[in-house]
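Asker: Could you put together the complete structure from these sequences and hints?
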Amino acid sequence: MHSGMACPMFPKEHFQGGITNGAKWYSVTGGMQDWNYLVAGCMSLTIEIGCFKFPYAKDLPQYWLDNREALVTYIEQVHRGVSGFVVSTIGRPIQNAEIIVEGIKHAVRSAKHGDYWRILLPGTYNITVAARGYESYTSNVTVPESGYVQYNVTLMKDDPLHWASAYDFGIGENQYHPKYHTNQEIYSKMAYLENKYPNAASFKSGEDYISMAVHSLIITDQAVVEDDKKFHIAVIGNLFATQPIGREIGIYLARHLLEGYHIGDYKIVKILKNTVVHLIPVIDKAFEQIWGDYDKEVLGNVKPDKYLCNNISADFKQVGEQLVNSRVSNHQDTKSVANALKHLLLEQKFDFILNIEGGSSGVLYPNTKDQIQLYKRIADLYLSALKYPRVCSGPTKGTDELLTEYLYREYNAPMLTAKVSCCEYPAIANIPFIWRDTLEAIMKVISTTLTGVEGVVQNALGEPMLNATVRITGMEQQYEVTKRLAHFKILLMPGEYVLEVACHNYQSKVLHVKLEEEKILSLKVILERGEEEVYRGTVVHLTHEQAVVTDGTMREPFKGSITTGIKGYVKDYSDHPVPNAKVTILENNYTTLTDSNGKYGIPLVPGNYTLDITASGYHRNVKLVEVNAVHVFPKVVIVKLKRDQNYFGVPRLPFVLLTGFICTSIFGLGLFCYVACKRRRVKYDPLSQYSFYEDFKDLDESKEKELFRTPLQKKPLMRPYYDDDDDEDENIDYPADDGTSSSDEEIVLLKSN
Numbered sequence: 001m002h003s004g005m006a007c008p009m010f011p012k013e014h015f016q017g018g019i020t021n022g023a024k025w026y027s028v029t030g031g032m033q034d035w036n037y038l039v040a041g042c043m044s045l046t047i048e049i050g051c052f053k054f055p056y057a058k059d060l061p062q063y064w065l066d067n068r069e070a071l072v073t074y075i076e077q078v079h080r081g082v083s084g085f086v087v088s089t090i091g092r093p094i095q096n097a098e099i100i101v102e103g104i105k106h107a108v109r110s111a112k113h114g115d116y117w118r119i120l121l122p123g124t125y126n127i128t129v130a131a132r133g134y135e136s137y138t139s140n141v142t143v144p145e146s147g148y149v150q151y152n153v154t155l156m157k158d159d160p161l162h163w164a165s166a167y168d169f170g171i172g173e174n175q176y177h178p179k180y181h182t183n184q185e186i187y188s189k190m191a192y193l194e195n196k197y198p199n200a201a202s203f204k205s206g207e208d209y210i211s212m213a214v215h216s217l218i219i220t221d222q223a224v225v226e227d228d229k230k231f232h233i234a235v236i237g238n239l240f241a242t243q244p245i246g247r248e249i250g251i252y253l254a255r256h257l258l259e260g261y262h263i264g265d266y267k268i269v270k271i272l273k274n275t276v277v278h279l280i281p282v283i284d285k286a287f288e289q290i291w292g293d294y295d296k297e298v299l300g301n302v303k304p305d306k307y308l309c310n311n312i313s314a315d316f317k318q319v320g321e322q323l324v325n326s327r328v329s330n331h332q333d334t335k336s337v338a339n340a341l342k343h344l345l346l347e348q349k350f351d352f353i354l355n356i357e358g359g360s361s362g363v364l365y366p367n368t369k370d371q372i373q374l375y376k377r378i379a380d381l382y383l384s385a386l387k388y389p390r391v392c393s394g395p396t397k398g399t400d401e402l403l404t405e406y407l408y409r410e411y412n413a414p415m416l417t418a419k420v421s422c423c424e425y426p427a428i429a430n431i432p433f434i435w436r437d438t439l440e441a442i443m444k445v446i447s448t449t450l451t452g453v454e455g456v457v458q459n460a461l462g463e464p465m466l467n468a469t470v471r472i473t474g475m476e477q478q479y480e481v482t483k484r485l486a487h488f489k490i491l492l493m494p495g496e497y498v499l500e501v502a503c504h505n506y507q508s509k510v511l512h513v514k515l516e517e518e519k520i521l522s523l524k525v526i527l528e529r530g531e532e533e534v535y536r537g538t539v540v541h542l543t544h545e546q547a548v549v550t551d552g553t554m555r556e557p558f559k560g561s562i563t564t565g566i567k568g569y570v571k572d573y574s575d576h577p578v579p580n581a582k583v584t585i586l587e588n589n590y591t592t593l594t595d596s597n598g599k600y601g602i603p604l605v606p607g608n609y610t611l612d613i614t615a616s617g618y619h620r621n622v623k624l625v626e627v628n629a630v631h632v633f634p635k636v637v638i639v640k641l642k643r644d645q646n647y648f649g650v651p652r653l654p655f656v657l658l659t660g661f662i663c664t665s666i667f668g669l670g671l672f673c674y675v676a677c678k679r680r681r682v683k684y685d686p687l688s689q690y691s692f693y694e695d696f697k698d699l700d701e702s703k704e705k706e707l708f709r710t711p712l713q714k715k716p717l718m719r720p721y722y723d724d725d726d727d728e729d730e731n732i733d734y735p736a737d738d739g740t741s742s743s744d745e746e747i748v749l750l751k752s753n
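If you're matching positions, the sequence shown starts at 1 in full-length UniProt numbering and goes up one per residue.
Errors might be hidden in some of the hints.
What the hints assert, rightly or not - Below are the EDC-like pairs computed for lysine to aspartate or glutamate, each with C-alpha atoms no more than 16 Å apart in a straight line:
(1) Lys285 / Asp333
(2) Lys483 / Asp333
(3) Lys519 / Glu496
(4) Lys303 / Asp159
(5) Lys105 / Asp34
(6) Lys296 / Glu185
(7) Lys642 / Glu347
(8) Lys524 / Glu463
(9) Lys599 / Asp572
(10) Lys349 / Asp227
(11) Lys642 / Glu626
(12) Lys376 / Glu476
(13) Lys483 / Glu496
(14) Lys582 / Asp572
The hints are simulated quantities; they were obtained by calculation from the structure and are not laboratory data.
Answerer: Shown next as structure tokens:
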């Protein structure tokens, strides 16, 4: 039959090379071949060596001679591929261990003494060995051209202590006593982590409007204070009240990152020096209302036989639903959390968001419809790192494609949702083992922040080009430089890319770069001055009087024939609205003013536009915006203006110092002149006013009362009084001195020492 010739009784059966798939030839469901494949784990081949089922005995020797070499060669194939033994750490053989080759669905099992054989062609294979009660082990194995290699595997016991020591920095809390925590307990743990690791963790819980509703734990290397030069990613959980698994996995991840940073793990330290991780384990706080009468805490030292699901449902609108459908909700807390989350997405500009949920399998990611497919490649990294990929049946629950696309298109927030369990609400005993299965995959996603390109954009004078933009050829997303240093940092996968750097009134520059895995390429881009474009048209001034709302009306199209355009807010860096800011479209010289809440809106046909935003007391800001024809809603553009702190052309701090110096000098000079004049007057005046005043005070009769209060210390001395006026004395007749005296004729002179 190998010649391709058909048997006489079956003239229409032709097999190329004499080989065919048995199921395609004829199907026997539940036959011997199926049993061997599914139960015994071996492949069953049927060899048809002739056209007759019962040949004559005299023909048997010829059948042997025709097939002898082929049969012997077939048996020799057992020496191809890989074989060896599977044992425990104490040398005990492990029976029924599965040997799984990546890309081949069929797995073989080890025998009673731990021996196994896997027939493979020459090449390199990714082989995983797994056994119940043991930690699986994966390695690359190369089968040489000679056709055989021996590969022995030692498996570690799958108990919490061994696993934590090997993969989780010995964190026992992530293995023992798993528990579904209340919201306050989770917040307490986040605060505890901040106190335990002050150099790498910061708990945000009420500092501003956003953190009052959405508490977060910021994890990064705080020794590097320039956070605007880092990637910003978010790891969130509990976006829906019915999806509580992310609450616990988020806390597990925080412990893992912080303890790894504390002990100096090379990769984690490198990640945190390059990335700011915003950990938000609790978004929808209503889980406590619907968590039901199930175990909330177990010992966690025994792996359950299978994953169990708890029933959970909600008869109210959840935060994830509120984000897409912003109609009035009866749950005021749900509405406030959803609005705070929207503000966070608009202000922070995350490079990507990792959302941890259950209820399905796989990864949801934004469909960017471009050539690079960055988020699809990140999702593929996650799936390839899973040790035990799962396929869940039933509809996707929780986050779906609609919410994923909505956040990406409306808020420029690329969110990847990792479905870590088929259960929406897994039994608490399963949590540590879900953590074991997904830790490596989660870290693979976070490690993508080690690859990318960064740089600064300057002009020929070395001045930062604060309004420059960077575009990657083949990507629909456009990146802006920072408003402080004109710095950009873009997360990309390894490969070759073309960057286009542009700025208003400057010539664009195209750069060809090649990125290597886990390396950040640094660039310095110098833009040359170009000819200024002159825009002509009619200036139209508009004002908006409607009040600002945050419940989703930003998504409503403009009224009229043009439904596309640009709308948003103009704010300062303290998130205060900037009223009466002037927003100009340079291409058609169309101008509008923001209202008292900083809101503006401009209907525009699809195309590329340059926004020039100015306001009194603020620095100018220029943005390049693309209005896409595929969206029926106006594009939301949030503009932040930096306050102009210059006074008379002098920066604020030097101005304050200079003004203080001048005022102090004037005051000192005036004081010096006053003192000098004072001294001069005292020196040259014939009579001091002060001395005269003191003499005048001595004539005050009110002081004489002291004489009558003080007792006399000596006997008064009495002396006669004589008038020196001789002219008057001559005409006076004095009585004869008879030795007597009168008190009326004596003057009493009081004298005291």
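Asker: So, for every hint listed, does it hold in this structure?
Answerer: Hint check:
{"no.": "1", "hint": "Lys285 / Asp333", "result": "8 Å, holds"}
{"no.": "2", "hint": "Lys483 / Asp333", "result": "34 Å, violated"}
{"no.": "3", "hint": "Lys519 / Glu496", "result": "13 Å, holds"}
{"no.": "4", "hint": "Lys303 / Asp159", "result": "8 Å, holds"}
{"no.": "5", "hint": "Lys105 / Asp34", "result": "15 Å, holds"}
{"no.": "6", "hint": "Lys296 / Glu185", "result": "13 Å, holds"}
{"no.": "7", "hint": "Lys642 / Glu347", "result": "14 Å, holds"}
{"no.": "8", "hint": "Lys524 / Glu463", "result": "12 Å, holds"}
{"no.": "9", "hint": "Lys599 / Asp572", "result": "13 Å, holds"}
{"no.": "10", "hint": "Lys349 / Asp227", "result": "13 Å, holds"}
{"no.": "11", "hint": "Lys642 / Glu626", "result": "23 Å, violated"}
{"no.": "12", "hint": "Lys376 / Glu476", "result": "14 Å, holds"}
{"no.": "13", "hint": "Lys483 / Glu496", "result": "28 Å, violated"}
{"no.": "14", "hint": "Lys582 / Asp572", "result": "14 Å, holds"}
Taken one by one, the earlier hints fail for this structure at numbers 2, 11 and 13, listed in ascending order.
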